[in-house]
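Just so you know, the sequences run in chain order E and A. With my numbering, letter number 332 in the first sequence gets 338, and the count goes up by one each step, no holes. With my numbering, letter number 174 in the second sequence gets 489, and the count goes up by one each step, no holes.
Hints may be right or wrong, so weigh each one.
Said to hold, decoys possible - Simulated pairs of lysine to aspartate or glutamate, EDC-like, Cα-Cα distance not exceeding 20 Å:
| id | chain 1 | residue 1 | chain 2 | residue 2 |
| --- | --- | --- | --- | --- |
| 1 | A | 1016 | E | 286 |
| 2 | E | 305 | A | 650 |
| 3 | E | 60 | A | 768 |
| 4 | E | 311 | A | 1019 |
| 5 | E | 76 | A | 390 |
| 6 | A | 651 | E | 316 |
| 7 | E | 239 | A | 1068 |
| 8 | E | 350 | E | 330 |
| 9 | E | 315 | A | 1019 |
| 10 | E | 305 | A | 1019 |
| 11 | A | 1065 | E | 330 |
| 12 | E | 60 | A | 767 |
| 13 | A | 652 | E | 181 |
No lab work stands behind these hints, which were simulated from the structure alone. Everything numeric in this text was worked out from a predicted model, so none of it was measured.
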Amino acid sequence: MAQPAKKAILVIGGGISGVSVAVEAAEAGYNVILVEKNPYLGGRVAQHYRYFPKLCPPYCGLEINFRRIKQNPNISFYTLSEVTEISGSAGDFNVKIRQFPRYVNSKCTCCSRCVDVCPETRVNEFNFGMDTTKAIYLPHEMAFPMKYAIDDRYCKGAECGKCVEVCKYDAIELDAKETSFTLNNIGSIVFATGWNLYDMKKVDNLGFGRVKNVITNMMMERLAAPNGPTDGKIERPSDGKEVKKVAFVQCAGSRDENHLNYCSAICCMSSLKESTYIREKNPDSQVSIFYIDLRTPGKYEDFLKKVEKDEKIKMIKGKVAKIEQASASDDVIVTFEDVINMRKMEERFDMVVLAAGMEAQTKMKSLPGKLQLEANGFIFPTQAEGIYSAGVAKKPGDVTSSVQDATASALRAIQTAFRK
Amino acid sequence: MENKVGVYICTDCGIGNSLDIQKLQEAAEKYNPVICKSHPFLCSQDGVNTIKNDIKEKGINKLVIAACSMRVNQDLFDFDPLKYVTERVNLREHVVWTQPANNENTQLMATDYLKMGIIRAQKAEIPEPNISGVERTVLVIGGGIAGISSALSVAEAGYKAILVEKSEQLGGHMRHMHKVFPSEPPYLESKPSDIEEKIRAVENNPNITVYTNSIVTGTEGEPGMFEITICSNDKLVSSSESSDSAEIAKSGPTRYKTPECSEPKKFKVGAIVFAIGWKPYDASKLSEEYDYGKFANVVTNTEFEKMAKKGEIKRPSDGKPVKNALFIQCAGQRDKKHLPYCSSICCMSSLKQAKYIREANSDASAYIIYQQMRTPGLYENFYKSTQDDEGIFLIKGSVLEMSEENDGSISIEIDNSLLGQKMIVKADLVVLATGMVTNMVPDDMQPNNLTEEFIGNIIKKETQDGITEELVPIPVALNLKYRQGPEMPHLKYGFPDSHFICFPYETRRTGIYAAGAAKAPMDAAESETDAVGAALKAIQCIELTAQGKSVHPRSGDMTFPEFRLETCTQCRRCTVECPFGALDEKPDGTPLEHPDRCRRCGTCMGACPQRIISFKDYSVDMISSMLKEIDVPDDEDFPLIVGFICENDAYPAFDIAGINGVQLPPNFRLIRVRCLGSVNLVWITDALSKGVDGVLLIGCKFGDDYQCHFIKGSQMANERLGKVQETLDRLMLEAERIDQVQLPINEYDKLPEILNQFVDKIKEIGPNPFKGF
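Could you build all of it, start to finish, from the sequences and the hints given here?
As structure tokens, then:
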């Protein structure tokens, strides 16, 4: 595996924060190596249909960023890779990388013949399990790098080998093995490890996984996306019915001492945004948003005002007590306390969207290096010299604040790496 | 340069199975390429080596690669742009993956694309980057927390910084802060500010030059080498009509007052960080709602902070200690009469200040009347710690009435929305949580009532067309000697923030990056982060400019617009339409170029009726010549349509349609453009006079939530289309033959409908009468 000849900044995580750190540092003239665990770059934002408050597609900006990566010789990146060990010190770290096999090499032309013959299916994590792909798959149509990958949890390997037979490019290597290698001369390291959606099954009263048609906000993004499991039609998962009446439950797990005791910063805007998806795609629909506080800081207030103008979107200050299946129906019954009118109420919905919070990636998986973490797993702003964090790895935030933070972290990383 | 064209047709990925490659090659041969060959697998090592060998042995310098999309395999077909022109003809995604195989129409489409690709390559020239010296110094305007952080970061990265601060001292609002919000986990306690330490760091840094008591009175030139004039406050001469920029004022549309200086100081910088900060909303405007100015014991949060800093948490009326304080959130905020936006920081600020009350006197209590408690992210911890304080009462509700008692205390009637009842609280002191206004807004103006785009005054003028209204912008802090005005455009409420979610540092003035609360309401910690980021953008701009390269979004582009001024008619469309204010005007009215301000979108090229503007690899003539190569079929039932598509968003959308095997009508010939803003109306005339039946522009959304990476490109295109009617009338053609659609990059699924509807519409109108001429 190629070693960087010159000193470089290592960025861990190829989501919007990591990609921003990489391109911003590289365009200022510095070498960057990006390590991403998925087979593609773009992270969580790639799964979103639209951004708030402009309702524009994340891929618009990702496309530009990917172009910046493609044309910039200062950036190299490894997908399907993770950092396993960090040694050395600021200005001269040594970093051990484990790279999992993609089983598809760079000769892949994305002709898709392999997909046609592959007999195995896998749960599509990109769509949160709402559909499947073949065991050999393109992560999504806008994936970068635009190469197929094989999920070895599902592939039968050489005993099947049908894909190998049809691939005329020798692009498939079923015997590929995990490799590991060390990158030396790493000047500084930026952790841009991002977040996972808090596991809604842990919030028992909200019925996720138990009550049909209770989904998460991220699943809603996939339902609305043209490249999602329903080709962008907002249908409810259990029976494909077009949804007419939807509830959003804010702070699902967030601001809750039993779960995430912080606010995830983005869920209010996210639900307001997603309610516009429903109203736009299913014009005959109505939406209720159950909230504690509506947090739309700064100019986001304008977006709140815009959504409030839609009479079919109701905002109810109140805590949802429980969510249950309606009897003999796939509908969902939400029991909530209407705080303003001081009454306990029940209402029936076609579908319920849980505004699930962001959990630090470090909660799922411990990271190498001696990182100082706060109680919820977010990375402390100040670390040992030469170690930085960017974006939601540091604290919950939206895309803009993550990119601001990433740009700042890029400069701090440059200062340590190249001014020593 | 001599054209040595090599044409390479890949036959893989369905191309060879769908198309007659022999015929394609024959079509290409007509253009006399040095080499024209097909390859079974062009992106293989062998394929790439074939090209490399031809370059070496045959001296090929123009590579036409007819294969997959330019968006893939870029790493393989990566030939030095300063030596070779590489043109990717998209036969895969845009032809065989969206069209039926072995079909006459599919063949025609592929042939047209190949021919157009060859012409594009032939017409393209190698860029000659505009390399000029750069000054590796960053000017930071504003010496508050944002400016200080920017200057320090610039210096720590090995560059020089010049910090210009209007007031006597550095530190801005932070100097008056008793405590600041927690910036590290566990986010429970506010803490003293470290601003004094930072000021000392600035003062002791040999790479930072500080000018306090000074303002910038002139910004000229372009990134890499801005020429800055500053003036110390005591050398300012009372403002007069612009004189030092007579050249611009005479030819430009507006005159504005610009400060004059008896002892100006001039220097050069490579880039600018704009960190002019904020001011509190003028509370005198809240006298009606909240009795500010009427009752002595009603103060603002900024005033209260200063009281706390002095250790004087006392009633202004009589100096008695405060036992009960009441904080009113959103005072004049989220209110269209005052500030329509939320200032983001006031909830945290009042929580922090409520703790001051409790710290000063453990028997004292504080009430906070709020509508929505906004403590996003980990600030929630701080909110919780306040909730745990038994002396702090948080009440969701609104203030109905306030009255002053004889002893100066204030009685406040509150509508408690959680209890659904009215209540009265008596307080020694009322603190209004007033909001932040960017210093972009002049003192006599209101953020909710500003002129669009540029902050200024509308004046009425008598002209030959009668009375017209004209916007005279107000210089604030940059004093740009730019044709398009003295300051950065604002979006809303005076904030010169980026409109791009993923690119928060984008501004419409290249090389000038806004940071901190001047740009959007934010707290000190966020300002600091924002300012460090802005410092990197400034450094990046200097380094890219030094190499003759463009900054975002076409970062790395080494071309720039070139003007054939001999035929310029001084119509000024280019100087008016440039979204980035890159062009000024010479005294004779011809454009004055500033290549390093340019973002290379080509909007000027699209605007120019004389076709005098071109890039080395992109010109009006190039596309016109490509249009000439389109083979317009005589078949009256087969309308042929030219689609000009934005290469940033529409082009990828077509790619994704291809990947998904979405079938598209065979009638389109797509031509990628840098931005719809670069579409010159002459192309439409060229296409129509050739017999093309319709023209469709596909690009980004414009308007309030614009998605155009060049901000105004797609909007300019649309405005120009409005004027194309005249041309069509002359040709006696229907205006409906031309249309523009807005397509987000991810909505490729809408393409069949959009394209088919347009084909149907053109069929209804009937064939272009010029067909066959």
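Starting from the hint list further up, note which numbers the structure goes against and sort them upward. 11 and 13
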